[in-house]
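Let the hints inform the model, and build the full structure from the sequences given.
Same order as they appear, the protein sequences are chains Z and U. Quick note on numbering: this note's numbering labels position 57 of the first sequence as 57, and the sequence is numbered without any gaps. To convert a position in the second sequence, counted from 1, into this note's numbering, add 1000.
You may find that some hints are simply not true.
Stated by the list, open to error - Now the stretches of chain Z that chain U is said to cover, found in silico as 3 or more residues with beta-carbon under 8 Å: (1) 19-31; (2) 48-62; (3) 104-114; (4) 210-216.
Unchecked claim - SDA-like mimics (lysine to any residue), calculated; alpha carbons at most 25 Å apart, straight line: (5) Z/K125 - U/T1081; (6) Z/K136 - U/L1247; (7) Z/K22 - U/L1247; (8) U/K1251 - Z/T75.
Stated by the list, open to error - Over 10 Å on every C-beta distance to chain U, these chain Z residues come out as not near it, computed from the model: (9) P87; (10) R142; (11) K311.
I should point out that these hints are in silico values taken from the structure, not numbers from a laboratory. From the three backbone atoms N, C-alpha and C, an ideal C-beta is built for every residue, glycine too.
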Amino acid sequence: MGKVIVTENLTKEYRTGFKMQKIRAIENLNLEVEAREIFGFLGPNGAGKTTTIKILVGLAQPTSGKATVLGKPCTDVEIKRQIGYLPESPYFYEYLNPVEYLKLCAQLSGLPSDDHAKQITKLLKLVRLDAFEKMKIRGFSRGMLQRLGIAQALIHDPELVILDEPMGGLDPIGRREFRDIILNLKTQGKTVFFSTHILADVEMICDRVGILLNGKLINIGRLDEILGAEIETFEIVIKNIDRKMVKVLERLSDKVIPSEDKVLIEVKTEEEVERIMAIVREVNAKLISLLPRRKTLEDHFMREIQKERLKEI
Amino acid sequence: MRVNGIILNTFREAIRDKIFITIIIFAVIVMGSSKVVQPLALGQEEKVIKDIGLNSITLFTVLIAVLVGGRLVYKEIEKRTIYLIISRPIHRWQFIIGKYFGLLLVIFESLLIMACVFYLILVLLGITPSLNLLLSILMTFFELWIITALAIFFSTFSSPITSSIFTFAIYFLGHLTRDFRAFAIATKSPSTKVIADILYYLLPNLANFNIKAEVVHNIYLEPKIFILTIAYTVLYSTIVLIFSCLLFQKKDF
Chain Z
1 MGKVIVTENL TKEYRTGFKM QKIRAIENLN LEVEAREIFG FLGPNGAGKT TTIKILVGLA
61 QPTSGKATVL GKPCTDVEIK RQIGYLPESP YFYEYLNPVE YLKLCAQLSG LPSDDHAKQI
121 TKLLKLVRLD AFEKMKIRGF SRGMLQRLGI AQALIHDPEL VILDEPMGGL DPIGRREFRD
181 IILNLKTQGK TVFFSTHILA DVEMICDRVG ILLNGKLINI GRLDEILGAE IETFEIVIKN
241 IDRKMVKVLE RLSDKVIPSE DKVLIEVKTE EEVERIMAIV REVNAKLISL LPRRKTLEDH
301 FMREIQKERL KEI
Chain U
1001 MRVNGIILNT FREAIRDKIF ITIIIFAVIV MGSSKVVQPL ALGQEEKVIK DIGLNSITLF
1061 TVLIAVLVGG RLVYKEIEKR TIYLIISRPI HRWQFIIGKY FGLLLVIFES LLIMACVFYL
1121 ILVLLGITPS LNLLLSILMT FFELWIITAL AIFFSTFSSP ITSSIFTFAI YFLGHLTRDF
1181 RAFAIATKSP STKVIADILY YLLPNLANFN IKAEVVHNIY LEPKIFILTI AYTVLYSTIV
1241 LIFSCLLFQK KDF
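In structure tokens:
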């Protein structure tokens, strides 16, 4: 299997307000998502992530361009049998309990009725809602709703799972569990496409990312390609050093932060590290740590956004 | 069939809705209170009680169709529950059809409950309930096919209050279509004639469904009336539903 999602010059315009002003939510979006990868779709609020996802799952229609999912146009109703979707802040029928709701989802997704009970039990256990199967959804907390959201997205065992801001409303434990579920889907051979603005989650689990800004894709690729393997800075923490020597260190580095009994020094090159280490040995100071720091996704993300904003000016 | 899921869910949603339960309770109270008017009936108790019963059934089921139907689709869009339905392998028209038949199922159940209560009241008051009364209730049911289709049509693009006002307005005007026809023939102004004609052909002819007077007075009704009314119901509802589906098909969520 090759490409699971392909968009070609996908554009979506909305008309809004009394004057029916045209707003371009996404513009000539060209995106390819490979089979069995976890793809992170990044961008600040209003970048066009949700609009793209809505087109992929058939909730909105593109103004121009095209989008295919698993080789078929995303307007093909039958292809949705292979898509699991979790919207941002999902809403459910509050008068139902989770079993009734998942049964409805299974039925609408065309899952054979013989498999309903087994699949519902399995998924409620997976998302830790098995103890609440008789409780009306009305009484669910935000985290429980999010977990029910992932259960409904997986009810029909889809090939492609599309998640819109799935980590919203989850506590750290919930986020960890969610990451595990996503990684587990990958081991099962599924493709996961998810939008987020929580960059730490993306760095931890994504194979590739795409960065969207003002409706345009400004970067796409593997994380190591985007961030580069290069070390950006070294962080050195030393102990037992007097004030005079701190002054010397300040001449070697722009960033020297003394605390009670330690000093943190940030340098850019290996030569600078060597020079600092020589001083440490000379004055009998103690090296606490030496950490190479690579560019984080957050650094990259912020720089890209900055660049685009400067272009606009 | 996947539409069954939507039908069943619409039914479940409506019967767990407070509006529905309140209307049913009110209907039962009104029918029960028909005994109160007995002293004013001047020997026509039986006819008055039957009349109140049949009119209550019509009024309250129309209220269910208009109030529940008017917010059926809009609520799904506003509360965004529709995201998790439309993103599944179902056609948008299946969603509309599912909602329609789900609400018709609710209306059928309401009519059944009210008819049973009505017959029980008649028996308790010592009136022999004739099967003819059921014919009038059946005609109300067909009338509600059209009202429900209109409520769903408005609900695809307007708020519950606006949908309910539009549907109610059409319900009342629909009972006056014969008057529009008569007016079109009598008027001398060509523009008024055109407007009256448009209203006559556009609005549903709901007066045809009202056979209460004939039933209460035991007047014979030709089977042809029922066949034509059913055909008219199916045709009119189908056209309204097709327009609803077309509007819904292009909608972005």
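Could you tell me which of the hints above the structure violates, numbers in ascending order? 1, 4, 6, 9
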